[in-house]
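Visitor: Going by full-length UniProt numbering, the first residue of the sequence shown is number 1, and it counts up by one from there.
Calculated directly from the structure, the hints in this document are not laboratory data. Treat the hints with care, since some could be wrong.
[Stated by the list, open to error] Taking lysine to aspartate or glutamate and the EDC-like style, the derived pairs with C-alpha atoms no more than 16 Å apart in a straight line are:
| hint | residue 1 | residue 2 |
| --- | --- | --- |
| 1 | 85 | 37 |
| 2 | 11 | 79 |
| 3 | 85 | 15 |
| 4 | 66 | 23 |
| 5 | 64 | 23 |
| 6 | 66 | 26 |
| 7 | 11 | 37 |
| 8 | 88 | 23 |
| 9 | 64 | 26 |
| 10 | 88 | 185 |
| 11 | 64 | 17 |
| 12 | 88 | 52 |
| 13 | 64 | 37 |
| 14 | 64 | 15 |
| 15 | 88 | 26 |
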Amino acid sequence: MPPTPTRRRGKGWTDPETTALLDVIELIKPLGSDHWEGVQYQYNARAAEEGDWIVRDVAQIRRKYKTLRNTRKPTGDPDCPIHVKRAKRIHAQIEARQSVLDFPLGSSDDSDENEGIDDPPSQATPRTGLTPQDLVLVGAQTEEKQSAMEMMIAMDERMQARASEQRQEQERQAAVREEREALREERRMERLEAMEARRDERQAKMDQFMMALLAKFVDN
Numbered sequence: 001m002p003p004t005p006t007r008r009r010g011k012g013w014t015d016p017e018t019t020a021l022l023d024v025i026e027l028i029k030p031l032g033s034d035h036w037e038g039v040q041y042q043y044n045a046r047a048a049e050e051g052d053w054i055v056r057d058v059a060q061i062r063r064k065y066k067t068l069r070n071t072r073k074p075t076g077d078p079d080c081p082i083h084v085k086r087a088k089r090i091h092a093q094i095e096a097r098q099s100v101l102d103f104p105l106g107s108s109d110d111s112d113e114n115e116g117i118d119d120p121p122s123q124a125t126p127r128t129g130l131t132p133q134d135l136v137l138v139g140a141q142t143e144e145k146q147s148a149m150e151m152m153i154a155m156d157e158r159m160q161a162r163a164s165e166q167r168q169e170q171e172r173q174a175a176v177r178e179e180r181e182a183l184r185e186e187r188r189m190e191r192l193e194a195m196e197a198r199r200d201e202r203q204a205k206m207d208q209f210m211m212a213l214l215a216k217f218v219d220n
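Assemble the whole structure, with the sequences as input and the hints as a guide.
Guide: What follows is the structure, given as structure tokens:
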């Protein structure tokens with residue numbers, strides 16, 4: 001599951017955050033809600049790595065992209081922000097991808113005109129009822145989803161490995177602190193024992209002096 005969005009003061013997007021968001025969108029080229037959830041997952045994984053970035057939900061991510069994409073600024077204008085130019089370019093790539101997926105695979109008229117001609121690519125397969133073109137598109141979409149899933153799994157494994165490293169480092173630091181505390185306690189006990197030994201030695205000398213003094217009085 002992607003990291004849970006958190007709230008903190010100042011929810012605006014910094015330049016590095018915007019750049020990272022566009023990197024992920026350009027990589028995935030989202031067409032549906034599943035794709036946008038993949039964008040959210042990968043962006044929030046990057047945000048978790050950075051530490052001080054805001055974790056975003058899907059609505060915030062889509063709203064930011066839409067704002068950049070719909071900014072009324074000609075991309076040829078030298079004053080057009082680079083993020084706006086890039087968002088518009090990514091949008092064109094997504095539109096081109098959507099057009100390819102929506103491209104008609106043939107009509108009944110074409111079938112009538114070509115009746116009797118051996119044309120395997122337009123024939124439906126017995127098992128699925130899909131033409132080879134359909135199967136190619138389905139295969140491409142399946143491969144794309146699998147690739148996105150593999151990226152999310154790899155990102156999740158990376159985050160788990162980092163969390164494990166952090167736990168190990170915390171345990172190491174805790175062990176170091178305990179060792180230091182034990183060493184300080186040992187030294188404190190040594191100091192107390194040394195003080196008691198000196199006090200006993202002084203007391204013994206005082207007793208010897210008093211005994212000698214008492215013996216002198218008795219002799220007199």
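Visitor: Hint by hint, say whether it matches the structure.
Guide: Right, here's what the structure says about each hint:
1. 85 <-> 37: Answer violated: residue 85 to residue 37 is near 24 Å, above 16 Å.
2. 11 <-> 79: Given that 16 Å is the threshold and the Cα spacing comes to 25 Å, the pair is violated.
3. 85 <-> 15: 14 Å, holds
4. 66 <-> 23: 15 Å, holds
5. 64 <-> 23: With a Cα-Cα distance of about 13 Å, the restraint between residue 64 and residue 23 holds, given a limit of 16 Å.
6. 66 <-> 26: 14 Å, holds
7. 11 <-> 37: 20 Å, violated
8. 88 <-> 23: 13 Å, holds
9. 64 <-> 26: 14 Å, holds
10. 88 <-> 185: 66 Å, violated
11. 64 <-> 17: 11 Å, holds
12. 88 <-> 52: 28 Å, violated
13. 64 <-> 37: Distance ~15 Å between residue 64 and residue 37 Cα, so the pair holds.
14. 64 <-> 15: 12 Å, holds
15. 88 <-> 26: 11 Å, holds
Violated hints, in rising order: 1, 2, 7, 10, 12; the structure is consistent with all others.
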